[in-house]
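Number of protein chains: 2
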Amino acid sequence: MPTEYNFTFGSFHSRVIIREKLPDSGEIALLPSCLAICDEHTEPILRRILGAAANSTVFTLVLPSGEQNKGWNSVEAILKAARRLGLGRDGLFLAAGGGVLCDLAGFAASVYMRGARLALVPTTLLAMADAALGGKTGFDFEGIKNLAGTFYPAEEIFVSLEALETLPEREWKSGMAEIIKAAILERPADGQAPGFSREPGESLRALAEAGGKVPAAGPWLSDMLAMAVTVKGAVVQADPRETGSERALLNLGHTFGHALEAAAGLGVVSHGEAVAWGIARACRMGRALGITPRKRAAAIMDVLSAWGYHTAVPYPAPVDPGIFKNAILSDKKKKNGGIRFVVPNADRAELVEHNGDTETYLEKLFTDLER
Amino acid sequence: MPTEYNFTFGSFHSRVIIREKLPDSGEIALLPSCLAICDEHTEPILRRILGAAANSTVFTLVLPSGEQNKGWNSVEAILKAARRLGLGRDGLFLAAGGGVLCDLAGFAASVYMRGARLALVPTTLLAMADAALGGKTGFDFEGIKNLAGTFYPAEEIFVSLEALETLPEREWKSGMAEIIKAAILERPADGQAPGFSREPGESLRALAEAGGKVPAAGPWLSDMLAMAVTVKGAVVQADPRETGSERALLNLGHTFGHALEAAAGLGVVSHGEAVAWGIARACRMGRALGITPRKRAAAIMDVLSAWGYHTAVPYPAPVDPGIFKNAILSDKKKKNGGIRFVVPNADRAELVEHNGDTETYLEKLFTDLER
Chain H
1 MPTEYNFTFG SFHSRVIIRE KLPDSGEIAL LPSCLAICDE HTEPILRRIL
51 GAAANSTVFT LVLPSGEQNK GWNSVEAILK AARRLGLGRD GLFLAAGGGV
101 LCDLAGFAAS VYMRGARLAL VPTTLLAMAD AALGGKTGFD FEGIKNLAGT
151 FYPAEEIFVS LEALETLPER EWKSGMAEII KAAILERPAD GQAPGFSREP
201 GESLRALAEA GGKVPAAGPW LSDMLAMAVT VKGAVVQADP RETGSERALL
251 NLGHTFGHAL EAAAGLGVVS HGEAVAWGIA RACRMGRALG ITPRKRAAAI
301 MDVLSAWGYH TAVPYPAPVD PGIFKNAILS DKKKKNGGIR FVVPNADRAE
351 LVEHNGDTET YLEKLFTDLE R
Chain P
1 MPTEYNFTFG SFHSRVIIRE KLPDSGEIAL LPSCLAICDE HTEPILRRIL
51 GAAANSTVFT LVLPSGEQNK GWNSVEAILK AARRLGLGRD GLFLAAGGGV
101 LCDLAGFAAS VYMRGARLAL VPTTLLAMAD AALGGKTGFD FEGIKNLAGT
151 FYPAEEIFVS LEALETLPER EWKSGMAEII KAAILERPAD GQAPGFSREP
201 GESLRALAEA GGKVPAAGPW LSDMLAMAVT VKGAVVQADP RETGSERALL
251 NLGHTFGHAL EAAAGLGVVS HGEAVAWGIA RACRMGRALG ITPRKRAAAI
301 MDVLSAWGYH TAVPYPAPVD PGIFKNAILS DKKKKNGGIR FVVPNADRAE
351 LVEHNGDTET YLEKLFTDLE R
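So the sequences go chain by chain: H and P. The C-terminal residue of the first sequence carries number 371 in the numbering used here, and the numbering is unbroken. The C-terminal residue of the second sequence carries number 371 in the numbering used here, and the numbering is unbroken.
Chain H with its partners taken away, still in its complex shape:
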């Protein structure tokens, strides 16, 4: 049974449909015209969606995949294709792909004639659980991830498990970290969504019990995706543009994670592995600050270990301590010049302004990392 979730992000509305099958073109408004965007890995998925509709009213653009292609060149290619197709501002940008492709297509749609229509078919676990929902678009600039971007939620997001059939192992691991993050942020109210009935905290236990393997039978995975979508949707609804402090909670694990990604060199550590390692750091900082209870930290670390994530400070890949330190201290998410950290608390997570105690923890972390 497909389940549907509707969110209001400021003046935008997003509908998420979680189900087994890919949508067919009849379910997606393709007229008067549609630019379909994919990369070389997701082209077969897009072809399956478009089917017989891949005729003259639909133009398919295949972009090169990977973070190294997440630059202005790709945005330009999308805008040029839209222009050649003669797309109006009521035309549809339909993208099938992972986080990189969803971010690029979302950005291009947001600026084309100051905003065209946008539908996403995320094809990785990471994009389904996190990247495709919530309106953040962007591309990399001057070596900085997503330095340029917009807030532009997709109208429709089709989370189809069928799209995961050919997903590589590494991509599973990258997506599961965001699901674990969502489980840490789960609140009682998030369980109220239609088709989703877990008790708060149950998701984290379910992740621990699964012990690093997605159960073959039952709706386990769609339940977990529903949980991640519900958690993220609720947070973004409360604070769409991260002007308050609610949306910043989604950065749990990301300040440390982004710094690790940068310090290991772009593409060496996957986003999910970096976020998982970052969540472990957030637990340690939370312990040092007396915010994260011992049992809670242990439960989170257990789940991370169960799913095969590296949680100890010295990372098995070479890490440049200078870049790491600099990345932490110049974090894009800083507010009014100050850095904020997200650390797990007894039942969720909370924001901590950079202070003497966080400084002490960071100094220890920098020292340990150099060993």
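The set of hints was computed from the structure by calculation and includes no laboratory data. In this text, all values refer to a predicted model and were calculated from it rather than measured experimentally. Treat the hints with care, since some could be wrong.
Which copy? The list can't say, so a pair holds if one copy fits it or any two copies do.
Stated by the list, open to error - Taking lysine-lysine pairs in the BS3-like style, the calculated list, with each CA pair at most 27 Å apart, reads:
| hint | residue 1 | residue 2 |
| --- | --- | --- |
| 1 | Lys213 | Lys173 |
| 2 | Lys80 | Lys325 |
| 3 | Lys145 | Lys80 |
| 4 | Lys295 | Lys213 |
| 5 | Lys364 | Lys325 |
| 6 | Lys213 | Lys21 |
| 7 | Lys145 | Lys325 |
| 8 | Lys21 | Lys173 |
Position chain P relative to chain H; hints supplied.
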């Protein structure tokens, strides 16, 4: 006496200050860091604003002026400068310039870290009366004006008459057309703004009486700017993203005007001259459709003539009829595949969907233009 107008555009707030003097840096939040943007013509104005504040916390970027430089290259230069300055998302983009510069700086600010702070000092009559207010940003792409853009209203807009001291004659003419357009769209409610007390319709009469010359004494010009700002602000408040039909009224004269600009070749006819000619066409179409009363059309045509605008169909510059026709029929503002025209009515203006009658008028216009 400076007057201040506050508008709410969706989730954004804009404050417009109309006054004699340029702001000084103390009035603009320059900390923790500010990227100041200008072109070679407006650099002296920016220097006057920054004064002693032009120190290490402020970096000034001078862009090449003109529509031909309104491309991605200029956006990229702004983003690179912001990055080198280490601007955070709470950093300020401060731009002093005409419509092109305001659009470019606004776009760059809107995408830098998904949205930095933005303050504008419009330095042309056109930018003061129209371009700087209302949130439309953009740059030209593939030869199409503002094909890429965002909706991102500036927090503060300083309309300082002092900035007009060195404005060339051609630029005055370009801006006055938008003021005439605003006067046509003026409603009773628009007179309620603080510091502005004209009767509806009085602005159009005042423009006719001035007879093509800005009166040297008295607050005539600041009154007219207050009228234009009030009219535009009210329209944009009612329909920030042009999802309804209110904001589309601001396109009065622009469908025909943009087509003329394109058909004469970029830069040959100024935006204001093209808009004035377009308003004349809108009057003629409105007459043909029985929407614009004869007296109203005559009053508008009189004002256009008084200010020296060319209003007859054959334009004194070479115009490519094929480009003109194509531009009208592929107008960016089209909705659901259809084109809409704005024509003056008895007391304001209204939208007309393209139909048999507009088609008949267009065919006559295309024929007359080829003569």
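Cross-check of the supplied hints:
| no. | hint | in the structure |
| --- | --- | --- |
| 1 | Lys213 <-> Lys173 | within (10 Å within a copy, 71 Å between copies) |
| 2 | Lys80 <-> Lys325 | between (39 Å within a copy, 23 Å between copies) |
| 3 | Lys145 <-> Lys80 | both (23 Å within a copy, 14 Å between copies) |
| 4 | Lys295 <-> Lys213 | within (23 Å within a copy, 79 Å between copies) |
| 5 | Lys364 <-> Lys325 | within (12 Å within a copy, 69 Å between copies) |
| 6 | Lys213 <-> Lys21 | within (22 Å within a copy, 68 Å between copies) |
| 7 | Lys145 <-> Lys325 | within (17 Å within a copy, 43 Å between copies) |
| 8 | Lys21 <-> Lys173 | within (22 Å within a copy, 60 Å between copies) |
In this structure, every one of the numbered hints holds.
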